[in-house]
Amino acid sequence: MLEACNLGRRYRRTWALRECSLTVPAGHVVALVGPNGAGKTTLLHLAVGLTAATKGTIRVLDGLQPGCADALAGIGFVAQDAPLYRHLSVTDTLHLARNLNRSWDAQAATSRIASLGLPPGKKVGALSGGQQAQLALTIALAKRPQLLILDEPLARLDPLARHEFMSLLMAAVAEDGLSVIFSSHVVAELERVADYLVVLNGGRLQVAGEVDDLLAGHRVLTGPADLATAAKAQLNPVRTSVAGAQAHLLCRTSGPGDPVPLDFIAQPVSLEELVLAYLRDPSVAALPGPEMAVPA
Amino acid sequence: MTIDKQSKQGGAPPIVFRLDAASGVPTYLQLVQQVEQALRLGYLSQGDQLPTVKDVVAALAINPNTVLKAYRELEHRGLAVGRPGQGTFIEGTLRHVGIAEQNSLRKALVAWLQSADSAGLDEDGIVAIFHSALRDFREHRVTGRPAGRNRGAETGTGQVA
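Those protein sequence lines, which keep their order, are chains A and B. So for the first sequence, our numbering puts the first residue at 15; every next one is plus one. So for the second sequence, our numbering puts the first residue at 54; every next one is plus one.
A hint or two may mislead.
Some but not every residue of chain A turned toward chain B, in silico, with C-beta under 8 Å [what the hints assert, rightly or not]: (1) H177; (2) S181; (3) M184; (4) R206; (5) V207; (6) P270.
Calculated directly from the structure, the hints in this document are not laboratory data. Just so you know, these numbers come straight off a predicted model, no measurement behind them. Ideal Cβ placement from N, Cα and C applies to all residues, glycine included.
Pulled out of the complex, with its shape left as it was, chain B reads as follows (with noise of 0.2 Å):
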């Protein structure tokens, strides 16, 4: 296992995980929509070094594999780099998605969720859906393995019957 090493610039490391153990997301995954989403608010630019996995062992009580796969996958989503000896830093920034884009995919949400209403689902199924829909989307983009056979639409079926 190659560790970082501590950092001896000095100062907190610019953001602090948490874990939420209900949420069913695995725990490397939160480390690493945490990263995002602390880029995403600006808590996190350019340059900046997360905290070292020996910190972050020590402050979540987790297996030093999980942070490095962490921290793994942010490389390899092009937000951060790792240093030899150094430690991992934030490299790159999320694509900002532009209103106009936002917009046309809210309308087009806005006409699912009609075709939804009126095929009978109520809010809870909607959710329900949707998260299973996503989780399958996220999984096939982790593992990187083609999205095959729609199975959100599956439960879809499913469930309404």
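Same shape as in the complex, but just chain A (with noise of 0.2 Å):
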């Protein structure tokens, strides 16, 4: 769905993303997670093929170029902040999106309009932000994408309306079985929707993995301070916390099976406790070998 080989991008002299290799395979909701300047947006444009690369290569769907025809097609695309134009009434945006698309489900996006309750006459620019949001999603759906690209759709959005926006989406996952990709810097909704988790990090991949393979991939040892030091030693954890009498190593784990060091208790990791345990130390990563990698 997304290969990534080597990609890089720079704006003058600052390296927004640079070797990023990926591979995510297709009929997954993919969350891309990191700090603001991390790197998203330029891997979503690169994708969607509003910004070529500087370096290395990228491809979407069954290998096509970003930005050609085909891929055009099958992309649907929702950047931040759901732009639209304001002054338009609801149906004048569809019959705008219905001319400027190849393939065009009409019924599905006059019925989605309907049961959203969103006013048919209404200037765009009257609606709550929670609506446009729904009215973009819509119009992005009713192309009938493979693929569905959203760069942070919930950033502006209520609580409400994140619920109903991400209920409309994953709605459209399950009837059509398209795959996601979406942008965020909310961890802590993520665990219900994605099943599939990139994180970046100044502009480096840093995670990419199946989400219940990275949490049955990591876990937390908790035990005493003194012995913190041989454990971290013996375990090589992703990140240390240590207080005067207890230490929290955050480690990979191979499984249930995989032995705890005595007197250290082993619990499950959530993963918000994961993303963010990653982004505060830049230099570690979890990421598939090598051989999973695409070749050039």
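With the hints as a guide, dock the two chains, each given alone in a separate frame, to form the complex.
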């Protein structure tokens, strides 16, 4: 669905994204996570074809060059803040989108608008932020894409609007089986929707993998602080936090059968804890081995 | 992804799922436990159709694969059966544990509580051990791996010391 090989993009002297090699299989809901300026938008724009790579290659869908006609038809993209023409009505916006896309499912679009309760005659600018986001998503879905790319779809939405937006998106995934890549800096809400996680930090790829595998592959070991140094040398943890008496070590693990050091207890890790631990230390990474990377 | 067709029989589904984000229990397992609980309490019975994947996904805003995983787990436990093109239906019942068996289990637990108390554990400590052991037990049961070392016991020594 998305294959990047040694991908890099430089703006003047700054590398917004560098040495990014990544394979995301189809059929996933992918969360792209990272702090501001991590290169999330750059990666998404490269995948859509809005910007060209300075180095390396990127392919989308079945090995297509981003921006070619087939790739454009197969990918739905909603940019940050869901840009729409504010002075057009909802109906006119749909009419415009219908004429700008090769494929268009008018019936799905109108029935979605009706079930969302969006007033067809109302100007887009007069809709709430949540309704505008839903309209943008409806348009992106109506072209029946194989892959939907959303840049920070939740950023400006209140909690209820977030839930409704995600309901609409997940129902579409269940119905049409499309793949989704969305970027977000709201880490807490990802666990429910995303089944694949990509973490970018400072323009570099830091974590990539299926959420279940990542959670099963990490654990927190808690034990006495005086034993932490020895355990640290043995286990090479992702992150260590040591207090006067107690230490927490976030470690990789091969599974529940992995031995626990004496006097330590093992606990499962949450996705949020895992993401934050990696983001705090940009030097560690959890990436699939080189045998899984795409040949150039 | 195979998704069951929308239920055409009309009427509301027999149960509605809810999620507790703070529970720490994986989402799919929460769905499984709620079906089991509904079976125990009689909200669900043999032949009832579970909500369609699309309905659950739209109501909870969760990944469809999570619901599929939960329904597969229910099939695996012999509580539900998926009929292609129709949906997932309740099949089988939960085994009821007899009063006598419950009483003997309770006695064993009280004896354990007494030994925990004499070891110096307070109530919170006991609850912590129980939860940790239960979680281990549940994980091993779900993943089908043998329990191996008893980590619950290690937890106890670690916390008391």
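Let me know if the C-beta of A/V207 comes in closer than 8 Å to any C-beta of chain B, holds or violated. Hint on A/V207: holds, closest Cβ of chain B at ~5 Å, below 8 Å.
So, A/H177 near chain B? Judge it on the closest CB pair being under 8 Å. Check passed: Cβ of A/H177 comes within 5 Å of chain B, closer than 8 Å.
Would the stated hint for A/R206 survive a check requiring a Cβ distance to chain B of less than 8 Å? At 5 Å from the nearest chain B Cβ, A/R206 passes the 8 Å test, so the hint holds.
Can the hint on A/S181 be confirmed by a CB-to-CB distance to chain B that is less than 8 Å? holds (4 Å)
Would the hint on A/P270 stand, with a C-beta cut-off of 8 Å toward chain B? holds (6 Å)
Given hint A/M184 near chain B, where the shortest CB pair must fall under 8 Å: Holds. Min distance 4 Å.
Hint compliance for this structure: every hint is met.
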